[in-house]
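Colleague: Spelled out from the first residue to the last, the chains are:
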Amino acid sequence: MRIWARLIGPRGAVWCEMVLDTGSSKTVVDERLLARMGYNLLEAQPIVIATASGRTEASIVTVRQLIALGMEATNLPVLAMPLWQSLGVDGLLGMDFLRRRNLFCNFGKGILLTLPFARNFLHRCQLVTHLFAAL
Amino acid sequence: MTERKPEPIEEIRKRFKDEWLLIKVTKHDKNGFPIEGILLLHTADREAVYEALEAAFKQGEQELLTCFAGPLVPEGWEVVLGAVVTL
Numbered sequence: 001m002r003i004w005a006r007l008i009g010p011r012g013a014v015w016c017e018m019v020l021d022t023g024s025s026k027t028v029v030d031e032r033l034l035a036r037m038g039y040n041l042l043e044a045q046p047i048v049i050a051t052a053s054g055r056t057e058a059s060i061v062t063v064r065q066l067i068a069l070g071m072e073a074t075n076l077p078v079l080a081m082p083l084w085q086s087l088g089v090d091g092l093l094g095m096d097f098l099r100r101r102n103l104f105c106n107f108g109k110g111i112l113l114t115l116p117f118a119r120n121f122l123h124r125c126q127l128v129t130h131l132f133a134a135l
Numbered sequence: 136m137t138e139r140k141p142e143p144i145e146e147i148r149k150r151f152k153d154e155w156l157l158i159k160v161t162k163h164d165k166n167g168f169p170i171e172g173i174l175l176l177h178t179a180d181r182e183a184v185y186e187a188l189e190a191a192f193k194q195g196e197q198e199l200l201t202c203f204a205g206p207l208v209p210e211g212w213e214v215v216l217g218a219v220v221t222l
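Taken in sequence, the protein lines are chains A and B.
Under the numbering used here, the first sequence has 37 at position 37, and the numbering climbs by one with no breaks.
Each number in the numbering used here corresponds to the 1-based position in the second sequence with 135 added.
Any given hint could be a false lead.
Stated by the list, open to error - To give an idea of the chain A side of the interface with chain B (calculated C-beta under 7 Å), a few residues: (1) Arg11; (2) Val14; (3) Trp15; (4) Lys26; (5) Arg32; (6) Ile47; (7) Ile49; (8) Ala50; (9) Gln85.
To be verified - Sample of chain A residues with no beta-carbon within 12 Å of chain B, all distances over it, derived: (10) Leu42; (11) Ser53; (12) Ala73; (13) Asn75; (14) Arg99; (15) Asn106; (16) Phe107; (17) Gly110; (18) Ile111; (19) Ala118; (20) Arg119; (21) Leu122; (22) Arg124; (23) Cys125; (24) Val128; (25) Leu135.
Worth flagging that the hints you see were computed from the coordinates, not collected in a lab.
Nothing here was measured: the structure is a model prediction, and the numbers come from that model.
Where is the CB? At the ideal position from N, CA and C, for every residue including glycine.
Only chain B is shown next, with the shape it has when bound in the complex (with noise of 0.2 Å):
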């Protein structure tokens, strides 16, 4: 489950589509924005993302990115957010 090559971090998103994944950034563009990274782990569990990432801070890991490859929610689902905090 796991590569050691840079790339783009789009491709990355592309391969692995509706799986959660960890990357360690290797680059970032000219606003700060990541580009380019390790893909570390790709599953459709978000919980062993959170502990890999973890893991990798541990090992010496400096900045990670985590994100879902595909929708918001599922196909057909609509989204209703918002909260508000009572004091």
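Pulled out of the complex, with its shape left as it was, chain A reads as follows (with noise of 0.2 Å):
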């Protein structure tokens, strides 16, 4: 499932399409892209990532702002690495940044959902409304 995200840069913003993937520990964003809006790789901190298939290395780049979902993070660490070219993303979207709100999927519909967590009962209810839409 691709999903429009905008990232911030030090020279600008860039709107790219990154993967939904709650397999994804952290999220991923291609270090070419990640070059080229500015942000400097060769002072990244050196990481092992771990695949299904084996492992391999990247670098974590901090991003200024990654907007998603209707979901905003600001300073967030993100792995730097090269994404297959055939691929036909700039990124992946992770848990890192998914947990930061509950997270629905009607596949029949084709409905992608968020909601904020509950803070009360009253709350709970009006989230109850936006989900019952979505079933």
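Using the hints, put the two chains back together into the complex; each one sits in its own frame.
Modeller: Below is the structure:
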């Protein structure tokens, strides 16, 4: 599932498409895009990544702002690594970003809904009305 | 390879199937999503789009859009993503 995301970098703002990836613990952005946006990858912290088929390496870059799915994250550490050329997205939205709200998918209707965590009983009732409409 | 006329982003995507696009955003919908822009580059080379993006920023552009006007992966392929950070 591809989702529009807005990234802010030292040189400006970029809208790009990212994949919703609940199997990824961290959000990933193509390292070439981050470099062209003005982020300094040479000073980024290297890190080891475990994938389903083995291990690889990436760097951690703190993105000034990432907006997607109605959520906004500032100074978000993301994994900078090269994404495969044939993968038609610029990044993966991982659990570090997604867990900021509740996420509901209705695959039958093609609805993806994010809702804030309930603050109290009344708020929970309000949220249920949104959920009901998406069922 | 360049055009200088604002047009709906979805129409640009339909016209340049299976290419990477770089678009200067000129209009948003009520939710803030880009809906119209000026096509700056279309190419099969993703790196070329990133290069052009940097050049556009250096020329003063402030809001750009990049996307692939094709499927997530080539037809017939399946996708397995996911990555776990080990400290």
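Colleague: Quick one: which hint numbers does this structure break? Sort them smallest to largest.
Modeller: Violated: hint 11 alone.
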